[in-house]
Each structure stands twice: as structure tokens, then as C-alpha cells.
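Protein chains in written order, with the working numbering: chain D, 1 to 420; chain L, 1001 to 1972.
Just so you know, these hints were derived from the structure itself, not from any lab.
Using N, Cα and C, we set each Cβ at its ideal position, and we do this for glycine too.
Be careful, since some hints might not be right.
Heads up, incomplete: computed chain L residues facing chain D, CB under 10 angstroms, no partners named [stated by the list, open to error]:
(1) F1563
(2) F1582
(3) L1621
(4) L1668
Calculated cross-link-like contacts (lysine to aspartate or glutamate; reagent style EDC-like; alpha-carbon spacing at most 16 angstroms) [stated by the list, open to error]:
(5) D:K68 with L:E1519
(6) L:K1669 with L:E1772
(7) L:K1127 with D:E109
(8) D:K293 with L:E1138
(9) L:K1493 with L:D1389
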Amino acid sequence: VAAPLRYSAWRLLREGLRGQTGWAPAWRSPTPRPRYDVVIIGGGGHGLATAFYLARVHGVTNVAVLEKGWIGGGNSGRNTTIIRSDYYYPQSIALYGLALDLYEKLSNELNYNIMFSQRGMVVTGHSRHDMEAIARLTGAMRLQGVDVRMLDRADVRDRVPVLDCSPQARFPVWGGYVQERAGTARHDAVVWGYARAADALGVDIIQNCEVTGIETGAGGVFNAVQTNLGRIGAEKAALVVAGNSSRLADMAGFRLPILSYGLQAFVTEPVKPVLDVVSRSLATGLYISQSDKGGLVFGGALDLYPSYAQRGNLPTAARVIGAVAEQYPSFGPIRLLRQWSGVVDVVHDSSPILGESPVPGLYLNCGWGTGGFKAIPAGGALLAHHLATGAPHPIAAPFALNRFATGALIDEAAGAGIAH
Amino acid sequence: VTGERVAAGGDIDRNRPLRFRFDGRQYGGFAGDSLASALLANGVGVVGRSFKLHRPRGLLAAGVEEPNAIVTVGRGPGAGVNLRATEVELFDGLDARAVNCWPSARFDVAAINGLASRFLAAGFYYKTFMWPHWRLFEPAIRRAAGLGRPTREPDPVRHDELNAHCEVLVVGAGVAGLAAARAAARTGVRIILAEQSPRVGGALRWRDARIEGTPGKAWADQVAEDLANMPDVRVLTRTTAVGYFDHNTLALVQRPSPGESQSGLRLWRVRAAQVVLATGALERPLVFPGNDRPGVMLASAVRRYLFEFGVRAGHRLVVFTRHDDAYDLVEPWLAAGGEVAMLVDARVNGPADRIARLRDLGIEVRLGASVTCTRGTPILSAVDVQSCDGGSQRIRADVLAMSGGWNPALDLFRQSGGKAIWDPRIEAFRPLMSVQAERSCGAAAGTLDLSTAVADGEAAGSEAASGAPQRSPCAPAVDSERRPAWQVDAPGKAFVDFQNDVTAADIALATRENFVSVEHLKRYTTLGMAVDQGKTSGVNGLAILGELTGREIAQVGTTSARFPYTPVDLGAFAGLARGELFRPRRHMPAHGWHVARGAVFEEYGGWTRPSSYPREGETTLAAEQREALAVRQAAGLFDGSPLGKIEVVGPDAPRFLDLIYANVMSNLKVGRARYGLMLNDHGVILDDGVTARLAEDRFLVGTTGAGASRIAEWLEEWLQCEWPQLRVLTAPVTTAWGVATLSGPKARQILRAVGSDIDLAAESFPHMAFREGRVADIPARVFRVSYTGDLSFEINVPADRTEELWNRLMAVGAPSGLEPVGLDAWMLLRTEKGYLHLGGDTDGTTNALDVGWGHILKRKTDFIGRRSLIRREDQRGDRFQFVGLEPDDLTRPLPVGAHLRTPGEVMNGPTEGYVTSSGFSPHLARAVSLGMVRGGRSRLGERVQVVTEQGLRYAKIASPGVFDPSGARLNA
């Protein structure tokens, strides 16, 4: 594999002068080989990150990433691009903290500008109960080294001047907390950056390759996948297919404790900067930020019933959009440009499932609920560790599937009294 | 552009002149103008700037697809941001400014970006700005991005919303839509006809056509008028169908008449049995160098400005087309006093009859030719035309009308789930297969032929009215043969997406870098992501991608169509749900009493409840202390109305409740009550409350206030989904009863004084008993249960008599020291007593064992959650357990939420526990606290550190509760 072009300002200058003709494909489109060491099913952020870390950290390069459509077409390309690590339990703090650490260095690691913008996230509480929950949440996080700080009402007003902090507000702001290291990144760039870097290390990214069956051999051990492009054998495989996890598990003959729900997101027309932070309200569940292009990007609630359909319903849309108009009174005339929906894996403890599946040789990365994007580097690095070494990384170990049998749940939503 | 108003014609009212401002200059127009048409009539050529390169731009289109003329309208609160000038109806005093340029669209400082354009190719920002750090570059990029500058003032506009049902919804009131609505209306069913424009007729407004022997415009107006006069037909103009959701639910947005800036939009949520999509078609630009110069317009736009507004876009016209339709522009243009320099047809074979006709008029028609360059600064003055033999000629012109062909407007069809097909004969996608109860007709189905549109619309309308299944749309008439490439091969910037400055070269670059999936192309180049959402750029982009990658358009695929079809104010979705109606508050039946008494309210579990009743000059904290003391010394009256009340009735009710509750309820005696815990399937505490047995087969299940509706649903879920064989009915009656809880040593005395036929003596009405009777001559259900630890009577009366009961109790009790008590004091009292507060002391991980309910595992019968509680993980000794906390410094309460540490350990690490309830007890004159502590019940007496914002403190782990440990006062 040839060394890839290095992206830089100098290179841009040169290409600008010679008509942009010197750029190479960001990744190849190879024909699948009959057999790989590792096959990763799902070309989203987590899958591509897994491939990248397998190659970069563990030297495992005989790897294929199989994507049924175009890479980054699932939840990696359908989220609201928020990255944060304000979690409650030590296990979660380790996991999301690792992701945040890796994100901070990712642009340079991948030589791809993912535009991670650490503009801070302000979470607002709107009742005594919210503030007690925030005190407990931030206290636990601070003890464990997460960079959060409680805010009073005046602090919130300073950080988010467009938010209605008046006492007359339907949900008056009592205070909140801020995580300064939180922010947003360009979601597609994360996918493309990992894809380009993994490809450069020899990973085969195979798009338009849909897995139709999972083949096991003696002792029920994973053997190969059947695809629309033929059978592809592998020593090991990983299911990294948020939104379709239960369907793929069904092919492999086991069930997962996952319910699939549509989660809608929205963007307005681009406007000049009005919102500098990520802002999240505990009263309405609304989370909103402004992209570098100027669009207000927001979301707020799962759709009302389980579904695999990547489209949203009007009642939930109106409820979420209405919350923007109510909590940000000057945003009423800003216009909604586009809505989209992703399918999220909801498990009862709102924590991911990482590690072994009931089929030996087949590994899992799923169950991220509404928050998988922020965890992409960690999800990839930890799964790569498990695939390469045969043992779970200590950070991933608590998130094994068997916790639903043992009862060792890590219930973030329940634990902090705050929905994640 | 030297646009001017022609002497006659158009749908404008020349008797109603209007004044308006654009970029600070004063202009005149007429009622019926759009801002765009008025600007054109005033000869304003540059109406906006592009997003990235700040290139000067003129009007491209006349409708919703306009990418260039984006304006802010009005100033201050409610100012419209990013409006399309083509959609803004002119009104007197309108004040508009072009967005994203300074000082004006005509002269924009940021146009300097254009000089660096060769370095600003698609996706350049992914390749740089990494060293030394993105944060150094981002602020400048953010400031440069964005279109309009929104106001920071609250939006004063209030929007409206309406739900509607109909048998047939027709979207689009062009010729096909009108015919469809008319045919459907003949059957007498309910019809809604929605038209986005202020006027019906669609293309009849700007094409010469006779329909059923009548001039097109007159026909359209007459049909619409007839429809509007029918009883079950609603004709909505200025109403855009923006969303098509599951179950034939559509969202329509209706705009007010021009100038009514304070009257908002109306959001219609329509459920239609059948939908007819007569959404028409949108013209495509051609992709050639310099195609973004002001003066280069869509041919249909040139016609619309001429016919609808009486505005000739310039004087000397060149037509550049690859479609027959643009030929029809020439004659009206000549008739309006314009000059036609040339018609350039990119195809080798054009429509013979039209060519002959134009040549008879002395118009040069050049076949197989292309426009390869446009000239003029900034406004078009000439074009270079290259013939098929390679010769090039410069033609003077101030308007270039281009037509790349027509795209049926399939957005709603696609949103509905419908599958479209690329039809090479018309070079467009057209509907192939419907998924919902919907059918397309007219131009939306792929035919531009007005003569067949009536029949097509009528068929669609009558079939929809009868609920007939959809037929696949018939193949549309074929336009002249076409072969030319999708982009003119000549040097220079050829724009595909005008607003986002995406050129054909950008698509080529993306292809070179393997962004060949149509979604990747879109996201990498931002093609089709501007505020017009690809209405003019989409198909051209796909076609060029197909050419570059050697694929047919059908193989390239399309991106998804997404709600909304055109941008909609966020406020419209809030509708009436603003302010107090945003999430309506739940008030208690005696709310008025509390207000009159000066209560301070807070929201608890969705209910607006008094937190305290401060007196004149009293702080809420002082009120809390006074109220708490009153309960301990005399009596207090607390409004417990939100407590959930669910009647559970039937022969299997005892068995059902034994399954639902972690503790046994079936052995409860009639007239007695019991505290119970409900668990979920993980063994986690879901709710708690007191349940009474009213009769052998009738229980009254009590829940927390927050749990009232949740638990009613929970019970029904189990009955309906898991145990349908059980003969049990449930009836939530929470809001049917008002609850006044009388608590304190003088409670019995006050209750006696107010009068009751219930024997209140301790021995005949003991703790945890239930009686029915009358209190103050009001029918009442009285529970002797206590959350304060003092003697308490929970008096339930019909909701509408609650206030009466309150008045009677207060009148009788006040002399004995009775005080109304808010939730602050109430919570303090139960903290003294050590009673659990669900959702405060517990969270979604607390199981029954964590609060000391190990005894339930000895039960002989099964219950929800049992399976989970017998797991080792649930029985671990180091789980967080419910305990009391006794601070070393008893004068200062511990802060709620503060975490506990084992003394001597390093500061950082997981928590050892946390304070969940806390306060200062005036009765005991000490701080009282409760908490959850890791393995707490086996650590009684141990000292722990408490980490507070004010520094470290210390506390001792204790059993919960310090008030009345013997229960003497409880059982008094």
C-alpha cells in the first residue's frame, strides 16, 4: 500500500495552483478477498475506528470493513455531533473519558481535520430536584476528575444569552453545570478520517456489501459471512451496526436486549453566530448547538414507538422544535431547513454492549442508545484491543453482554436522575 | 440586467403602488408583486451574494427554488431571516436587506474571497487548519459563515395550529390539481386543496393555454371559486405542504397575507384518506462557465416575471436550452418589446416546427451549440456561443434564459416513501410506485403537456375520491431527442449549486477522491445542502457524477427527500403551545386557596404545589421551619391531592396486587391499609405508597404524585399484555379526589371539632386503618397513615369540595395552632422521621434490598422483580444502601448531593455515597440527613468525610430517622 498524500496547507496551496488534479482517492474501493483475519460488519464511525486501531495499534491489517450502503450512512452521519464525557459511574467516566482524550488528538492522528470544537456544554436545571441531581452528578464527576463545574443562574445567562433565563419562563432556569472540554465535531469528517487512515494502513473498506448471513462451523464458532458480493471468511468478526444490531444478531442466532427507536434531529438554515456553546435542558431534554456553517442543530426525544424506519413522526418533531421556540424566544423566526432520523439501540441501562457475543469469534459493539458518536474513538480502540488480544480491555470489561444476566447494570439514566 | 416593467399585463394591481426598501435604497412596486419581481422591475441586478465566494448574484428563479436572493425582512423582534425574495409578497414599507454581505449586495467587501477561490475547492477545510490547532481558525470561519443575522429580541409572533381530516387532500392548484379537486369534489367528500402561491393556476399563470375553451388563468380562477363555494371543500392558498409522514399525515404551513407581519403562520396537521400530489415541476439550470452571472436566469423564471408580474427581465435575450419548452419564451418576449439575439439549443435535433416558426420571425436558432462563457461586470453584457463546428461568436445580451429541462417536484412523493424511476425519455425522475395512499398527476407525474393535464388530474381526483388503488402513472410524452452532455466543456467556473458555490470542478474533485456515493458527494461538496435543498442542483449534480463515473443516473441513485419541503419558522411548530400552554401546568383542586394564602409554588413531579406559605417579610426557609414546628407542636394541614389513587377491582385483584407489589397485599383486611413497594423487572424500586382494602374485591392503590399516571399505565400493561386471564379492572381516580392531610398531636382534636361520623379514637381507628364516612359533612375516605411520624389523617373528599374542606379545617383548627404546610416542611418532617422519599433518596438503580427490604425474598409467591433480586449482583453487600447521616457539626445541615469519602483515602476516585435528603429540624434543634452509602447498613457508627463546595466535613453513618424512634407519636 502506497503511503497516502499528507494533507496540509502547503499541499492545498500546491493543488490550488495546479487545478486540484493531484489528489488521490481518500480510500480505495477494493474487491473483497475470500478471507480476512478480521471482518468488521458496519462501516460507521465505530467500525472504521475499530479497523484503524487494529491496524495502527495492533498491527492487524488483514481486515475488511463491510458496509451495506455508503460509509457513515447510519447514525455516524445522523447525529447532532456532540462530544462530552459528563457521566456518573466510574465505568462510564473511564469509557467516555477515553473517547474524549482520543478525540482531542484525532485530527492530528488521522491527518484529517475533524473540526473538534471544544466550545463547552452547558446543562441547565429547572427545578430543585434538577439542582440536587446536578449537585450529586457534578460532585461524583469532580471526584473522578471530569472537568465539570456547577453554574448559577447568572452564569448560565452569561454563557447562553439566547436562552430564556427569566423567572417568567415556563421552566425557569435555576442553574446548571458546564463541561468545558465538551463540544462538537464534524461527524462525516470523523468517518472519512478513520476510513482514509485505515485504508492507508491496508484495511479494505467494501461499500455496497450487505451481510445476508452469518456462518458458523464446528462448535458454533464463527466462520464466515454471506454477502451480496459472496462469502467472506474470517478468523473473527465484529457486529458494529447500531440500529440493526438485533437484526444481525438474529442472523447469528442470538437475541440482544435491544429495542430500536427512531431519534430525530433537525437543522435550521444557516445564520450568523448566536449560540457559542452546546446547550442542554433537563426540563425539556432539548440539546442544541450551532454548527460552523451557521445552522442550529438540535434534537430532544426518541420517537414514540420502536421502529427500524429512518424517518421521524410529526408529533415528536413538533414537540422538539416547539421546545426550541419556547426556550430560545428569539429563535422563532429562524427557519427549519431539514429533519432526519436515525435508529438507535436502546438497552435498559443506557450503556453500550462491548465484547463477546454468544457466538465464539463474533464480537459486539452496540447498544449506544442516543450517544454513540461521542464514543467512537473509544468504541473502536476497545473493540480492536479485544479482537487483537483476545481479552477485553479493563475499560470495556464492565460493558459485557453478560451484565444483563448477572445484574451488574451501569444505569446512567437512572443513576444520575438525568437522561443521557 | 436592465429589467423593466412593461406597459400592461401581469397579476399585479397597478392602481396600488407600494414603496419598499432594499439594502437601504427606496424603490416602488405594486400590490401583487413579489419582492423579487419588484427588484427586477426596478432594474436591480445584484440581489445577493453566494455563501462561500461572495460572488454577485442575480435572480435565478421566480419561486421556491431560488438560491440567490436571500434577504432579511424587517428589523427588531420577529424580523424574518433568510427569506427568499421570490416568496416575499410585497407590502408597503417593506424593508429588506441582502444577507451575508457588507455593506450591500452590490458592493461586498468579502468578495475578496473570490480571489482565493482556486484554493477553496470542495472540502478544503478537511485538509488544513489542523496545525497548530483548529481553535485558532474556527472563530473567523464561524463569523464568515451563516446567512442572515437573526435578532436577539424575543419573537412576538404567535402562530396557530389546526388539525383537519379529509377524504382527499390535493397538493398544488395548477391545472392538474384543480381538475383533481373538482373531480373529487363532485363525489361530495371532504376535500382540502393546498396551493403554495397566493394565486391558483400554477403554470396557467405564465403559459399561453386555453383549458376547456377558456383562457387558462380565467379557467383556474373560476374552478377555484366554484370549489371554494362548495360546503366540504377548503381551498387554501399561500399554503405549502412541507411534510409527508406515515399514515397519510401531512404538515401544511399557511402564510398570512403580505404585511401582516404580526400574524403568524398556521400549521395544519392533515390526515387524509387519499392524497393527490399535483406539485408540478421545477426547471433545471444548465451547467456552463459563467452560468451564475446576474442576468442568467431560468427560462421559466423569465416567463413568470413577464406573465405574472409584467416585468421584462432585460432587453436583449439569448435563450440557451436543451428542452423544447424554452422555445415558447421567444414570442412573448418579442411581444413585450424585447429583442431576441439568438436561441442556442445544445441538442443537434430541436423541435422542427418551433424552429421553423422562430426562423420565420427572423430569430437565429443554433443547434448543437453551447454558451461557453458569459461576460459583464457584474451584470451580463454578452455571451460566447460555440457552434458544433467549433466556431465561437460573441453575442451581446443582457438576459440569458436557460433551460436544462424539468424535474417533477417529487419531494413529497419521496417523503411518503414512494419510489421514483429515472426516465431517460424525459430526462427526469418520475413517480414509479406509491407506498402510501397517494397518487401523482400532471407535471408532478412527468408530463408538461397542459392539454392532457385536465384529464390526468380528473382521473386522479375521482379515483382518489372513490379510494381506488393507484395505477402506475402512464408514460409521459417524449420531448425532442436529447444527447448533449450535462455540462458544457469549456474553461471557467460552471456552477451546479449556486448558493453553496459548488461547481462542476468540485464534483470532479470529489469523484477523484472517491466520494462517488451520491450521499458522500453531497456531504463532501455541500451540493444540495443550501437553503434550497438542491431544488435546482440535485439532478444536475447526479448527472455530472454519473458522467464522471461512467454510470447511468439510475445507478447513481438519489439522496433522501426530507421534511420540510421549504424552510419553516421554528415558531410555527410550537403553535399555540407557548408560555403557560407550552407544557400545561397541573394544578390541585384547592390551588386557589393556596394562592390566596400567599403560597410559594414549585413544580414537583409535574404538579404545581406549595413549597411553603411565607408570611409577610418571612423567608421561605423561615416559613419552612415555622410550618414544621407547627406540625410537631400542634398540627399542620398539607395538600396531598397529587398522590396517585387507582382503584383495583375484581375477584383476582388480591392475586394481581401480590404480583405487582414486592410485599403481600392479599392478606390485608378490609378497612386496613399497608405501605408497599412496587419493583420493575430489574428489582429496582418503581414506586411506593399506601394501599387500602375497601372491600374483599376492591383495593385503592396509592402511588407517588409523580407516579400517578405512570403506575396506572404499568398496571394496565401487565394486565393487558401478560395476565389477560386475571379478572381485574383498574380505574385511575387520582384527580377525582382532593386530599387534605391533617398531621400533628392536635390532629384528632381538630378533626373531631370539624365534625365527623367516624369513630376517631385510637383503639377503633388505629394507625394504618381506613374509614369511609363524612368529615365536615362532606363524604370522605379517611386514611390513618403518616409521612411525618406524627398522628395523621389523610382526608380524601370529592375534588370539587376540597377547598370547602380546607376552609372548614382551617377555621376550626387555627385557634389550636393549625398551619398550612408546604412541601419544604413536609419533606423536612419525613427526613426527621427517616421515611424514604422515592426519586429523592432512591434512584433508578435502588432495589428493594438496598432500602432494607430483604424479608420479601422469604415470600412464597412470585412478584415482579423477584427474579432479579436473587442475583448475586443485587445482593452484594457493597451496594448503596439507605441510611441516616449524623453530621459532626449538628448546627449545619449537609448539602444534598454532596459525596462521601472514607477518611484518609486519596481524594479522587469513585464515591462512597452521597447525601440524598437534608435539613435543619427546629423541633430537635439539629441537622438531620439521609443518604445512600456503599454497604451502609453494615457500617453504622462509622465516620465518613463529606465533600462539600465549602470544604470537607464529617458525619457518622446511622440508622435512618431520629424522630420518635419508639413510634409513640405515630400511634398516638
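- Cut-off 10 angstroms, beta-carbon criterion: hint that L1621 of chain L touches chain D: Given a least distance of 13 angstroms, the restraint on L1621 of chain L is violated.
- Have a go at the L1668 of chain L hint: is there a Cβ in chain D nearer than 10 angstroms to its own Cβ? violated, 30 angstroms
- Does the interface hint hold: is F1563 of chain L within less than 10 angstroms of chain D, judged Cβ to Cβ? holds, 5 angstroms
- Hey, K68 of chain D versus E1519 of chain L, does the alpha-carbon distance stay inside 16 angstroms? holds, 14 angstroms
- Task: Could you grab the alpha-carbon distance between K1127 of chain L and E109 of chain D and see if it respects the 16 angstroms cut-off?
- Result: The given pair, whose Cα atoms are some 13 angstroms apart, holds under the 16 angstroms limit.
- Item | Hint consistency between K1669 of chain L and E1772 of chain L [alpha-carbon to alpha-carbon, up to 16 angstroms] | holds, 15 angstroms
- Given pair status - D1389 of chain L, K1493 of chain L, alpha carbons within 16 angstroms: Violated, at roughly 23 angstroms.
- Query: Regarding the hint that F1582 of chain L lies at the interface with chain D, is the smallest CB-CB distance below 10 angstroms?
  - Reply: Given a least distance of 5 angstroms, the restraint on F1582 of chain L holds.
- Message: Please verify whether K293 of chain D and E1138 of chain L have alpha carbons no more than 16 angstroms apart.
- Response: Answer holds: K293 of chain D to E1138 of chain L is near 11 angstroms, not above 16 angstroms.
The structure does not agree with the numbered hints 3, 4 and 9 stated previously, though it agrees with the rest.
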